[in-house]
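For chain A, the structure is supplied; the task is to place chain B on it using the hints.
First to last, the protein sequences are chains A and B. Counting along the first sequence from 1, when you hit position 149 you're at 149 in the working numbering, and nothing is skipped either side. Counting along the second sequence from 1, when you hit position 4 you're at 4 in the working numbering, and nothing is skipped either side.
Keep in mind that the hints were calculated from the coordinates and are not lab data. Among the hints, erroneous ones may be present.
[Said to hold, decoys possible] With a straight-line cut-off of 20 Å between C-alpha atoms, the simulated EDC-like cross-links for lysine to aspartate or glutamate are:
1) K36/B / E418/A
2) K73/B / D202/A
3) K394/A / E444/A
4) K74/B / E201/A
5) K73/B / E201/A
6) K74/B / D202/A
[As the list claims (entries may be wrong)] In silico negatives: residues of chain A with every beta carbon more than 12 Å from chain B:
7) S100
8) A116
9) N174
10) R180
11) R183
12) R222
13) K377
14) I638
A quick note: this is a predicted structure, and the numbers were derived from the prediction, not measured. All C-beta atoms, glycine included, are put in the ideal place defined by N, C-alpha and C.
These are the residues of each chain, in order.
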Amino acid sequence: MEDIIGKLRETFKEEAYELLAELEAGLLVLENNPGDMEQVGRVFRAMHTIKGSGATCEFQGISNFTHELETAFDLVRKGKLLVTKELLDVTLAARDHIESLFDVYYRDGMADENMASDIIATLKKLLPSAAATRSLSSGMSAKTGQKEQKSNLRQITYRIRFRPSKGIFSSGTNPVLLLRELRRLGTCRVLAQTEAIPYLEDYEADDCYTFWDAILTTNRGRNAIEDIFIFAKDMSELAIEVIDEEGGLDDEASYKRLGEILLDRGDLTPKDLQKALQSKKKVGETLVENGIVSCDKVESALAEQQHVREMRERRHGAEPTSSIRVATDRLDTLVNLVGELVTVQARLSQTALTRGIPEFLSIAEEVERLTVLLRDKTMNIRMLPIGTTFSKFKRAVRDLSAELGKEIELTTEGAETELDKTVIERLSDPLVHLIRNSMDHGIETPEVREASGKPRRGTIHLSAVHSGAHVLIQIKDDGAGLDTQAIRAKAVEKGLVAPDATPSDKELFRLILMPDFSTAKNVTSMSGRGVGLDVVKKAIDALRGSIEITSIRGAGAMITLKLPLTLAIIDGFLTKIGAEHFIFPLASVEECIELKRNSAKSNGRHLVNVRGHMVPYIRLREQFTINGATPAIEQIVIVGEEGHRVGFTVDNVIGQHQTVLKSLGKFYREVEGISGATILGDGTVALILDLPKLISIAEQEENAFARSGGKAFEQATADVP
Amino acid sequence: MDITFRDQQSGKQGNITLDGNLTVGQAGEVRMLLIKALIDADRVDVVFGSVTDMDISCLQLLCSAHRSASRMKKQLSLSGDWPELLKQTVEEAGYVRLAGCRLDVNHSCLWIKR
Numbered sequence: 001m002e003d004i005i006g007k008l009r010e011t012f013k014e015e016a017y018e019l020l021a022e023l024e025a026g027l028l029v030l031e032n033n034p035g036d037m038e039q040v041g042r043v044f045r046a047m048h049t050i051k052g053s054g055a056t057c058e059f060q061g062i063s064n065f066t067h068e069l070e071t072a073f074d075l076v077r078k079g080k081l082l083v084t085k086e087l088l089d090v091t092l093a094a095r096d097h098i099e100s101l102f103d104v105y106y107r108d109g110m111a112d113e114n115m116a117s118d119i120i121a122t123l124k125k126l127l128p129s130a131a132a133t134r135s136l137s138s139g140m141s142a143k144t145g146q147k148e149q150k151s152n153l154r155q156i157t158y159r160i161r162f163r164p165s166k167g168i169f170s171s172g173t174n175p176v177l178l179l180r181e182l183r184r185l186g187t188c189r190v191l192a193q194t195e196a197i198p199y200l201e202d203y204e205a206d207d208c209y210t211f212w213d214a215i216l217t218t219n220r221g222r223n224a225i226e227d228i229f230i231f232a233k234d235m236s237e238l239a240i241e242v243i244d245e246e247g248g249l250d251d252e253a254s255y256k257r258l259g260e261i262l263l264d265r266g267d268l269t270p271k272d273l274q275k276a277l278q279s280k281k282k283v284g285e286t287l288v289e290n291g292i293v294s295c296d297k298v299e300s301a302l303a304e305q306q307h308v309r310e311m312r313e314r315r316h317g318a319e320p321t322s323s324i325r326v327a328t329d330r331l332d333t334l335v336n337l338v339g340e341l342v343t344v345q346a347r348l349s350q351t352a353l354t355r356g357i358p359e360f361l362s363i364a365e366e367v368e369r370l371t372v373l374l375r376d377k378t379m380n381i382r383m384l385p386i387g388t389t390f391s392k393f394k395r396a397v398r399d400l401s402a403e404l405g406k407e408i409e410l411t412t413e414g415a416e417t418e419l420d421k422t423v424i425e426r427l428s429d430p431l432v433h434l435i436r437n438s439m440d441h442g443i444e445t446p447e448v449r450e451a452s453g454k455p456r457r458g459t460i461h462l463s464a465v466h467s468g469a470h471v472l473i474q475i476k477d478d479g480a481g482l483d484t485q486a487i488r489a490k491a492v493e494k495g496l497v498a499p500d501a502t503p504s505d506k507e508l509f510r511l512i513l514m515p516d517f518s519t520a521k522n523v524t525s526m527s528g529r530g531v532g533l534d535v536v537k538k539a540i541d542a543l544r545g546s547i548e549i550t551s552i553r554g555a556g557a558m559i560t561l562k563l564p565l566t567l568a569i570i571d572g573f574l575t576k577i578g579a580e581h582f583i584f585p586l587a588s589v590e591e592c593i594e595l596k597r598n599s600a601k602s603n604g605r606h607l608v609n610v611r612g613h614m615v616p617y618i619r620l621r622e623q624f625t626i627n628g629a630t631p632a633i634e635q636i637v638i639v640g641e642e643g644h645r646v647g648f649t650v651d652n653v654i655g656q657h658q659t660v661l662k663s664l665g666k667f668y669r670e671v672e673g674i675s676g677a678t679i680l681g682d683g684t685v686a687l688i689l690d691l692p693k694l695i696s697i698a699e700q701e702e703n704a705f706a707r708s709g710g711k712a713f714e715q716a717t718a719d720v721p
Numbered sequence: 001m002d003i004t005f006r007d008q009q010s011g012k013q014g015n016i017t018l019d020g021n022l023t024v025g026q027a028g029e030v031r032m033l034l035i036k037a038l039i040d041a042d043r044v045d046v047v048f049g050s051v052t053d054m055d056i057s058c059l060q061l062l063c064s065a066h067r068s069a070s071r072m073k074k075q076l077s078l079s080g081d082w083p084e085l086l087k088q089t090v091e092e093a094g095y096v097r098l099a100g101c102r103l104d105v106n107h108s109c110l111w112i113k114r
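Bound-form chain A, shown alone:
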């Protein structure tokens, strides 16, 4: 039994934290829009599931505690309690307490045992007195409440036959009004049975000749149906049968056949059904043609069949069978295996090409096609929307702005943008650093903002958008912007910039990403220690991403993180220098041109004329000190990086290559300009180029050169579109 509970708890782990995130997100939206009943429902549902699943996993303390919160939000749902800041504060505190209770089991965390009673006491004060004494008590009432909730939410389908007496009109009863009431109970189909309507000469004006069949799906009980017909009770027959029930044993998506329904209803005898089944025609047609069952009754039975099928389909669709939870390590194993498969497939393709057997080649091509499909599908499985991280920041901004005495709002955009799960996980901390930095150093106090003509409330805008094989994440604030003078002074003080040098804003902004570089005069709990931005840079570098900073003094700053979509397999562009293979990320490659030996140098600089524009290029052979003769015609691979076009010379280009990223061993980790390696089809290793780093190295060398008189590279990279 303990083993089962253990497994249940393990299965519930991820969901528990997701529910807490959902709860928090709903509460934060409610803070801005307290009347949003959709969000009240969202919060209530999260609490209800935590309570229910908590109880199933025998987290009784969590279940009971959450029940108290749920009670309060039930009152909100019913309009008996208003959403106030006090209610949200205590609910957020309660949410944190639930998290700490989960942490005790899942993450070896600690929980303050007195916290629960303090929170409940605070919550009690906010409730209407009757509700407080009635609801906020012990686990017993929690259990009862849960049971009631369950029975209330269960959907039952009823078959109702309402047969009024002929004289019902004389009592002043209008059957149509009763049917209208019935429809209000849920999803309902009504079919009038008109077979008893006589010809005009026999028609009595005051008589009712119609009776009704109805199929109703509702969460209300039989009594609610009987109540509708209570005043017609003495002048009619009312038959109510349960024909389908949520959680019932017979819960297949299909439903009874027409003949079975008619038998159930008593509209057909088994003998007549047997006869009808012998006919080659459809049962319904045969029964109507032979006058055994009226057309109305067949139509009514068909309506029942369709209604129940639809209800069951809806129920099955609503159940979370369309997705399953899979442990991350299983996914990682799958990705690794696909990586291996890609490598073997490359080998297969190469061998097939060497052998030149047409049948073998055809199989290799098919395997390649399937491998690419499998790779893409596997990568997609790992993709998650970045919005899950965004909601965490909203809470952080809410709490920290109060601590700083600032009014700050976090707005987000592109929450649905998908990124590899690993990238998202490793992105969380850098983003927290950047947002905290904006809050502490960027956004001014309300008084200062008002004095400078800005709204009291500052805004930090967090956005994510796809851009080719990358995702751009921007953190933009409307604060004071970066102080270039202060950064310059600090750089001079630290000897990073010569006192007489005039570095560009871009160069200065790059300095703030260096370790131990802070211009903040005050150290706060959040930032100012010079620790943070270098950590951010390291983390982004590790994700093979880049950081760009722009700022306008007085108007705000914007930090853009450019991140690859995935860290596992990329489309690469395979090249060769001497005997060595190098891979460019294909998404960065714009074009390839030839470089003849006699046009290789222009005034001592590496520049090439591409359709009238001078493009600088980096000689990789020199960069990586590869020995051997340069071919008479080299290839320049031109890439677009950070708004510039830069070329890289190689001996030969081979072409597109599915690249499984392998990290370099620790001895090679410090090699600049290489971000990883991959294994080729013939078993040799190809190195993956870290293009931003290579460009940065070249720029540094160029700047050193410029300081000694030249400035061709900078001009060229700045001017070429």
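Structure of chain B alone, referenced to chain A:
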């Protein structure tokens, strides 16, 4: 409520206009109009004027008249736009049909959604 007749090449055509209250209180009067029209005409069109109230008795009567017409090998149909009240009553009373009843030999059931 009134009834008019005119001679057509195909036979005598009767037009009945139903308006005002069409509830059980007026059912007797409507019944008489329908009987008269079906006796005197080969083809009867029922047109709705300004209807102020309607209940199930009106639908029953029209159904009865349609069945009678079929038996007499005559035609009865509802002409012109249906007033909202008629649409609502037909819908709420569950009179809408996918196929006509066994007596609907001409396949001209009044309640099939067209």
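Hints and how they fare:
no., hint, result
1, K36/B / E418/A, "violated, 74 Å"
2, K73/B / D202/A, "holds, 18 Å"
3, K394/A / E444/A, "holds, 19 Å"
4, K74/B / E201/A, "holds, 16 Å"
5, K73/B / E201/A, "holds, 16 Å"
6, K74/B / D202/A, "holds, 18 Å"
7, S100, "holds, 55 Å"
8, A116, "holds, 53 Å"
9, N174, "violated, 6 Å"
10, R180, "violated, 6 Å"
11, R183, "violated, 8 Å"
12, R222, "holds, 21 Å"
13, K377, "holds, 44 Å"
14, I638, "holds, 66 Å"
The structure shown violates the earlier hints numbered 1, 9, 10, 11.
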